[in-house]
Structures are given as structure tokens and as C-alpha cells.
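Colleague: Here the protein sequences line up with chains W and U, keeping their order.
For the record, in the first sequence the residue sitting at position 16 is 16 according to the working numbering, with numbers rising by one throughout.
For the record, in the second sequence the residue sitting at position 131 is 1131 according to the working numbering, with numbers rising by one throughout.
Don't take every hint at face value.
Said to hold, decoys possible - Derived DEER-like restraints, expressed as beta-carbon distance ranges: (1) 94(W) / 1003(U): 52 to 62 Å; (2) 19(W) / 1098(U): 38 to 48 Å; (3) 1096(U) / 5(W): 48 to 58 Å; (4) 1006(U) / 96(W): 50 to 60 Å; (5) 53(W) / 1003(U): 28 to 38 Å; (6) 82(W) / 1003(U): 24 to 34 Å; (7) 1019(U) / 106(W): 41 to 51 Å; (8) 1122(U) / 98(W): 20 to 30 Å; (9) 19(W) / 1006(U): 33 to 43 Å; (10) 1096(U) / 70(W): 17 to 27 Å; (11) 70(W) / 1097(U): 13 to 23 Å; (12) 1093(U) / 59(W): 17 to 27 Å; (13) 1004(U) / 42(W): 51 to 61 Å.
Said to hold, decoys possible - Straight line, CA to CA, 25 Å or less: simulated PhoX-like cross-link-like pairs of lysine-lysine: (14) 71(W) / 120(W); (15) 1071(U) / 93(W); (16) 1071(U) / 1120(U); (17) 1083(U) / 1093(U); (18) 83(W) / 93(W); (19) 1093(U) / 71(W).
To be verified - Rough simulated footprint, nothing fancy, chain W against chain U, three-plus residues with beta-carbon under 8 Å: (20) 1018 to 1032; (21) 1091 to 1104.
Don't read these hints as lab results, they were simulated from the structure.
Note that the coordinates shown come from a computational prediction; the quantities given were computed from them, not determined experimentally.
The beta carbon of each residue, even a glycine, is placed where N, CA and C say it ideally should be.
2 protein chains.
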Amino acid sequence: MTQPFDWDAPRPGEVLGMLPQTADAGLYFIGQIRTPYARREDCPHQGDFDGPECRIEVLAAYQPALLGLEKRAYVQVLYFMHKARRDILVQTKRGSGEAFGTFALRSPVRPNPIASSIVKLERIEGATLIVRGLDCLDGTPLIDLKPWRGPI
Amino acid sequence: MTQPFDWDAPRPGEVLGMLPQTADAGLYFIGQIRTPYARREDCPHQGDFDGPECRIEVLAAYQPALLGLEKRAYVQVLYFMHKARRDILVQTKRGSGEAFGTFALRSPVRPNPIASSIVKLERIEGATLIVRGLDCLDGTPLIDLKPWRGPI
């Protein structure tokens, strides 16, 4: 039996910071994201517009806020990486041991673990978006949706 | 004397939602953004890579997390639009009265008023980034910095 890999243990050379005692602002989870990725090791390294369909389930209370989004081909999704540590300021690569500051990485580990992904919108069914291009864990809390107007 | 414009008053046709009583997660402000825009009416409609230099002042406690970011030409900045209402689900355009869901707009007014901007990194001085491409109010709280790897 091998030990399961501990995603949360700091690696040699990593620098931990002290987080504040209290938050400066609050987030509301406005829905959840359903993907085929149940465990961190299942997640692809980044999303792919030709990848599997994923579902973004918006809470019924926020459904009116989707009006007009169906006309967009691409959507920016902000979500909260609720399984990630928030206190590592310098991270090292698993293979090389090379050190990078957290803000020079797109790793989930960061003081405010908010991810931003651009997804391809296939369709909207009620309060659920069917999209391609996500790489996050199944059950990830949704924070925001915005039309994407930048280049693809 | 004309009345000052009330940015916060809902317009006819707008739909208000009920926000939860308690937050689901907390944000830490990791610094602040200094721009030439003191009032909302001073902010350009969107950022411009040829616009004025702005300063992103990261708190000293998080400075180690900048390691390696100086090599990047473009940075994604997440910030908290602390002056915006959070409870409007359908918004109407000031001129036409046309209605759009909040998630079909990039307006600051949204349940979680987090903005995402891509900026051009000019240089880093200590814990301060000098950048171009921001359109936010002076004093806006900073939430996150990530290297931008997408197309520009």
C-alpha cells in the first residue's frame, strides 16, 4: 500500500504567510459547478473548449440575472477553490523544486482562492449553463458569471 | 444647482434580489489600487494599455508572493468594487432602458462585486506594481494577481 499523496502538505522551500484574523469582505456562493472531476488528480491541467460538457447550476434566486447571457458564445466564470490552502506565499514545483511567488502562478493555493476561467457556452437550460472548458472539481462553489469580450 | 447624479438608485424596470443574511466565504484585501480616478464619473469605460500608469500597492505581508511576477508582460488583476450595490439582478441601460441580467453585463453591480482586468506590467518597485490598463476608482481593494497566459 502506498500512502495517498498529500496535496496540502507544504514542500521544502515553500514560504508560509500569516493570514488576517478576520475577513475584509464576504462572498455569496451563487451556485455550484458540476464536472466529471471528483478528485484533484482527475482535474486536467487546464480547461479545453473541446473538453467534456460541464454544468454550471445557478441558484434559483439568481436566475433573473441570466437574462441575455444566452446570446454570448464565451463566458468568464469566477469560482471559489474551496479545497485550497490560502497561506502559502512561495510555492515550489513538484519536479524541479523551482520557487515561484503565489501571484506569479495560477495555482489554486492563494490568499483568496478565486479562479477565473473562460468557457464556451453551449446552451442555457433554465438556471443551468452547459459549457466546455472547465478544469475544476465537481461541486466547486460559483461566485460570478460575466460575458467575455476579450480575445479567445 | 443641479442635483448630483445618484449612482446607487435603481432605475425603472430594474429587478432587485434578496441577498443571503450571511456570507459563505471571506475575502482578504491584499493591497490597494491607486488610479487617477477619484470619482465614478472619472473612470474610463474600460482600461487601455496606452492609458496612464496606475499603481498596485501590495501589502508588505504578501510581498514574497510577487517572486517571479516581474518576468510577465501581462497580469490579471482581481479587485473588489467596494462602492457597488450587490442586490440588482436585472439592470437597465441609462439611455435605452434596455434590460440585461447582471450576469450578462460586466457592470460593477453584482452579488459578488469582483472585477477582473488584464493589465500591462511596466515594472515592479518593491511591493508595488506599475501597470497600464486599469479603469477602477482610486483606493479600490486588491484581491488577487495572476500571470495572464491568454491572448491579448
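Colleague: Hints first: check each against the structure and report whether it holds.
Modeller: How the hints compare with the structure:
Checked against the hint of 52 to 62 Å, the pair residue 94(W) and residue 1003(U) passes, with Cβ atoms roughly 60 Å apart. Checked against the hint of 38 to 48 Å, the C-beta distance between residue 19(W) and residue 1098(U) comes to roughly 43 Å, which is consistent with it. Range check, residue 1096(U) to residue 5(W): about 55 Å between beta-carbon atoms, so the 48 to 58 Å window is met. For residue 1006(U) and residue 96(W), the Cβ-Cβ distance of about 56 Å falls inside the hinted range of 50 to 60 Å, so the restraint holds.
Between residue 53(W) and residue 1003(U) the CB atoms are about 50 Å apart, so this pair departs from the stated range of 28 to 38 Å. At roughly 45 Å, the beta-carbon separation of residue 82(W) and residue 1003(U) lies outside the given 24 to 34 Å, and the hint is violated. Evaluation of the 41 to 51 Å hint for residue 1019(U) and residue 106(W) yields a failure: the beta carbon distance comes to about 30 Å. Roughly 25 Å separates the CB atoms of residue 1122(U) and residue 98(W), a value that falls within the hinted 20 to 30 Å.
At about 37 Å, the CB distance of residue 19(W) to residue 1006(U) agrees with the hint of 33 to 43 Å. Roughly 19 Å separates the CB atoms of residue 1096(U) and residue 70(W), a value that falls within the hinted 17 to 27 Å. Hint check: residue 70(W) to residue 1097(U), Cβ distance near 20 Å, so the stated range 13 to 23 Å holds. Checking the proposed 17 to 27 Å range against residue 1093(U) and residue 59(W) shows it holds: the Cβ atoms sit about 26 Å from each other.
Separated by about 54 Å at the C-beta atoms, residue 1004(U) and residue 42(W) satisfy the suggested range of 51 to 61 Å. Restraint check for residue 71(W) and residue 120(W): the C-alpha separation of about 12 Å stays at or below 25 Å, so the hint holds. Our distance criterion of 25 Å between C-alpha atoms is met by residue 1071(U) and residue 93(W), whose separation comes to about 17 Å. Proximity of residue 1071(U) to residue 1120(U) is assessed by CA-CA distance (about 12 Å); at most 25 Å being required, the pair is judged to hold.
Between residue 1083(U) and residue 1093(U), the direct Cα distance comes to roughly 19 Å. Compliance with the 25 Å bound is thereby established for this hinted pair. For the hint linking residue 83(W) to residue 93(W), the alpha-carbon distance of about 19 Å falls within 25 Å, and the restraint holds. The straight-line distance between the Cα atoms of residue 1093(U) and residue 71(W) is roughly 17 Å, inside the 25 Å bound, and the hint therefore holds. Residues of the region 1018 to 1032 of chain U with a Cβ under 8 Å from some Cβ of chain W number 12, which satisfies the need for three, so the listed coverage holds.
Only residues whose C-beta sits within less than 8 Å of a C-beta in chain W count toward coverage, and the region 1091 to 1104 of chain U has 6 of them, enough to reach three; the restraint holds.
Hint compliance for this structure: hints 5, 6 and 7 are broken, all remaining hints hold.
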